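Undergrad: So you can see what is in the structure, the chains are spelled out below.
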Amino acid sequence: MTVKQFLKGNAFKSLVVLLIIVILCGGVLSVCNHFLFVSDEERNLRAYSKLLTDDSVKEELAIDQTVSLSDGSVNKVCLTEKGNYLVQATGTGGYKGGTVTLWVLVNCEDGALAGIGKVQYESNTAQTLMANFNASYYEEFTKHNDEIASGALFGIEEEEGVIETVVTGTTKSSNAIVNAVNAAIDYVNAAIFGQGGTPVTPSDSLLYTKNIKSVTATVSRKKVDYSIEVKQIGNVHDNFVIDISVDKDARISAFEIKTNGSSVVGDTKYADKMADMANLLVGKNYEEIKALLGTDAVEITDTSSTDASLTTGATESNTMCLIAAAYATGNYDWYVNSGAYTKNVKSVTATVSRKKVDYSIEVKQIGNVHDNFVIDISVDKDAKISAFEIKTNGSSVVGDTKYADKMADMANLLVGKTYEEIKALLGTDALEITDISSTDASLTTGATESNTMCLIAAAYATANYATFIG
Amino acid sequence: MNKYAKITFNGLIQNNPTFKLMLGMCATLALTTSAMNGVGMGLTVTIILTLSNTIISLLRKVIPGSVRIPAFVVIIATLVTIVRMVLDKFIPDLYEAMGVFLPLIVVNCIILGRAEAFASKNPVFDSALDGLATGLGFTLALTILGIIREFLGKGSLFGIQIMPFSIGFFSSAAGAFFVYGICIAIFTAIVNAVSLKQKRRKALNFAAPFFPRR
Chain A
1 MTVKQFLKGN AFKSLVVLLI IVILCGGVLS VCNHFLFVSD EERNLRAYSK
51 LLTDDSVKEE LAIDQTVSLS DGSVNKVCLT EKGNYLVQAT GTGGYKGGTV
101 TLWVLVNCED GALAGIGKVQ YESNTAQTLM ANFNASYYEE FTKHNDEIAS
151 GALFGIEEEE GVIETVVTGT TKSSNAIVNA VNAAIDYVNA AIFGQGGTPV
201 TPSDSLLYTK NIKSVTATVS RKKVDYSIEV KQIGNVHDNF VIDISVDKDA
251 RISAFEIKTN GSSVVGDTKY ADKMADMANL LVGKNYEEIK ALLGTDAVEI
301 TDTSSTDASL TTGATESNTM CLIAAAYATG NYDWYVNSGA YTKNVKSVTA
351 TVSRKKVDYS IEVKQIGNVH DNFVIDISVD KDAKISAFEI KTNGSSVVGD
401 TKYADKMADM ANLLVGKTYE EIKALLGTDA LEITDISSTD ASLTTGATES
451 NTMCLIAAAY ATANYATFIG
Chain B
1 MNKYAKITFN GLIQNNPTFK LMLGMCATLA LTTSAMNGVG MGLTVTIILT
51 LSNTIISLLR KVIPGSVRIP AFVVIIATLV TIVRMVLDKF IPDLYEAMGV
101 FLPLIVVNCI ILGRAEAFAS KNPVFDSALD GLATGLGFTL ALTILGIIRE
151 FLGKGSLFGI QIMPFSIGFF SSAAGAFFVY GICIAIFTAI VNAVSLKQKR
201 RKALNFAAPF FPRR
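Protein sequence lines correspond, in order, to chains A and B. Per the numbering used here, the very first residue in the first sequence carries number 1; after that it's consecutive. Per the numbering used here, the very first residue in the second sequence carries number 1; after that it's consecutive.
Pulled out of the complex, with its shape left as it was, chain A reads as follows (with noise of 0.2 angstroms):
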């Protein structure tokens, strides 16, 4: 076939009329794109006109990066008009590790957090049933404001202080919703009024360590309830056992005796004096109680310094109660914020007994893994692990063989190793882990993020060894 022909012919005439049709439809769409383009500034202008019904935006604010969150993060903050703060947030945890992106419109009162105005959603990923939230769901959000405002947050879980708000069968996506709504109140509580989140430098030591013997301490978002054994001093029958709960702003909440050391069993002697420490304790934060213990010093030996007014004749357990009340929000931040591996750390048992520290940690979900591990992990005085055992495996479902079968090894692996060759095996220096790309892959091949749930814990227990013994 000559060159003519081919001109000639079928193919380049049917050649010729699609390049045409194409270059015409590319001509056409660019002429509607022009007209047509929508920007982000007007996406965003109707996402806000769709929340601020009778407000609108007053200017943009740059994002605080100082602030901690612990379950999500915010992308986007904006002032309205009449004070209130619009905040786009992303929460996690949700299905197959996944996130829900929210808008939330936070109302501000008197310079302080006053509710929530307007929960909207704005998009996820991974969560396949977010069809199941309709708008009522979402308007629940903004009926507890004045829950809300004294500083309760919303949760999955029927506990205390906590507004539940979970659709049965989607448990994990309303996490996610939860996650994103509690980041923006976190966050503009933090970053706005100055409460919480804001990091503190890491202290080199716990305080009061050495008056403790055993602390259980679960941290949820920013709140620590501990279960704090004080050992016994002077002439005090016992070791007394204390519930404490410290909120956001770093003051006592809840103050419950829950054995009492003062005397023997039927003595009502000194443990009648013990039932005003409560009222006396709730809503006073470090500073206060230490003001109370009338010392510095953060091994108390001596009680002669002790507030003698408290209760009178009972100094000694008054002094233990304060010692308690003291570890609890002296060491809040640490809880919250500082310890090495924290964030990624949702509850720790810590038992410290001489130089041996046994820990139960409940490491946070991450990647694709199921659920929470639970991992109970003993570190001997040459601050080596001597035990490891998983108690709670949330690779895969119950049932499920295929990654909890490959977790079998990681206590053999992880037994006799300092925190140095844990680390070692994460592939990295960071303090909270979310990248599991640096983990070690040779370690159980196919479960990567569940061995890094391991690593996590064990460089907890490791990490913070020194601090838990004082």
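Quick caveat, the hints were computed from the structure, so don't treat them as lab data. These numbers were taken from a predicted model, which means no experiment stands behind them. Positions of the beta carbon are idealized from the N, C-alpha and C atoms, including for glycine. Wrong hints could be hidden among the right ones.
[To be verified] Only pairs whose alpha carbons sit at most 30 angstroms apart, straight line, appear in this in silico BS3-like list of lysine-lysine:
hint	chain 1	residue 1	chain 2	residue 2
1	A	Lys231	A	Lys381
2	B	Lys202	B	Lys61
3	B	Lys89	A	Lys82
4	B	Lys89	A	Lys4
5	A	Lys58	B	Lys89
6	A	Lys423	A	Lys346
7	B	Lys89	A	Lys76
8	B	Lys89	A	Lys50
9	A	Lys143	A	Lys82
[Stated by the list, open to error] So the derived list for chain B, only partly shown, Cβ under 7 angstroms to chain A, looks like this:
hint	residue
10	Ile63
11	Pro64
12	Ser66
13	Val67
14	Val74
15	Thr78
16	Thr81
17	Ile82
18	Met85
19	Asp88
20	Lys89
21	Pro92
Take the given structure of chain A and dock chain B to it, following the hints.
TA: For chain B alone, kept in the frame of chain A given last:
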């Protein structure tokens, strides 16, 4: 029945794309969780179908047969993209509600099917009418499905709450198949009944001269 009435009847009832030909089922099942979504999707497809049929009919003598399918796809894709831009600009709520199914109209069997089967062989006006009728048939079907599923699944109609309770099943994918199946059964029963009645009438008319009244 004249030519235009027949084209209209075919598009709406006789060759209804949803209840009769069962085309474009992905969007049908996924988007009919609410009546408004059904109306929106249906009208969007109607506009694209009418325009694509018109343009393809106009170009039917220019486009060589060997490249007709790619040419149709380019034209349909262009129209879908334009409609997408218009919706994003002026009706963003509908644009968001349609989500991924809006760009997927490009590969909707109904549009390519009518282009190939009708528009590429018929004059412009007939093709435009065919596109409009088929699109309205699709809209009708999606609206019916949307109304049933929204009423039962959410207790509302066009976003207005009517019932204090709802049956979540009808909002799910399984509920979509269930309602779709029931609707097809009812539609087929009605069409068959009407068709049978017409056949009987024709038969009687045909037989009338042989059995004169006394």
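Undergrad: If a hint holds in the structure, say so; if it doesn't, say that too.
TA: Taking the hints in turn, this is what the structure says about them:
1. A:Lys231 x A:Lys381: Within the cut-off at roughly 20 angstroms; holds.
2. B:Lys202 x B:Lys61: Given that 30 angstroms is the threshold and the Cα spacing comes to 39 angstroms, the pair is violated.
3. B:Lys89 x A:Lys82: holds (29 angstroms)
4. B:Lys89 x A:Lys4: violated (49 angstroms)
5. A:Lys58 x B:Lys89: Cα-Cα ~24 angstroms, so holds.
6. A:Lys423 x A:Lys346: Status holds; Cα separation ~20 angstroms.
7. B:Lys89 x A:Lys76: The given pair, whose Cα atoms are some 23 angstroms apart, holds under the 30 angstroms limit.
8. B:Lys89 x A:Lys50: holds (15 angstroms)
9. A:Lys143 x A:Lys82: holds (20 angstroms)
10. Ile63: The hint holds - Ile63 (chain B) has a Cβ within 7 angstroms of chain A, the shortest such distance being about 6 angstroms.
11. Pro64: holds (4 angstroms)
12. Ser66: Hint holds; Ser66 (chain B) Cβ to chain A Cβ min 5 angstroms, cut 7 angstroms.
13. Val67: Holds, about 4 angstroms.
14. Val74: Given a least distance of 5 angstroms, the restraint on Val74 (chain B) holds.
15. Thr78: holds (4 angstroms)
16. Thr81: holds (6 angstroms)
17. Ile82: Interface hint status for Ile82 (chain B): holds (5 angstroms vs cutoff 7 angstroms).
18. Met85: holds (4 angstroms)
19. Asp88: holds (5 angstroms)
20. Lys89: holds (5 angstroms)
21. Pro92: holds (6 angstroms)
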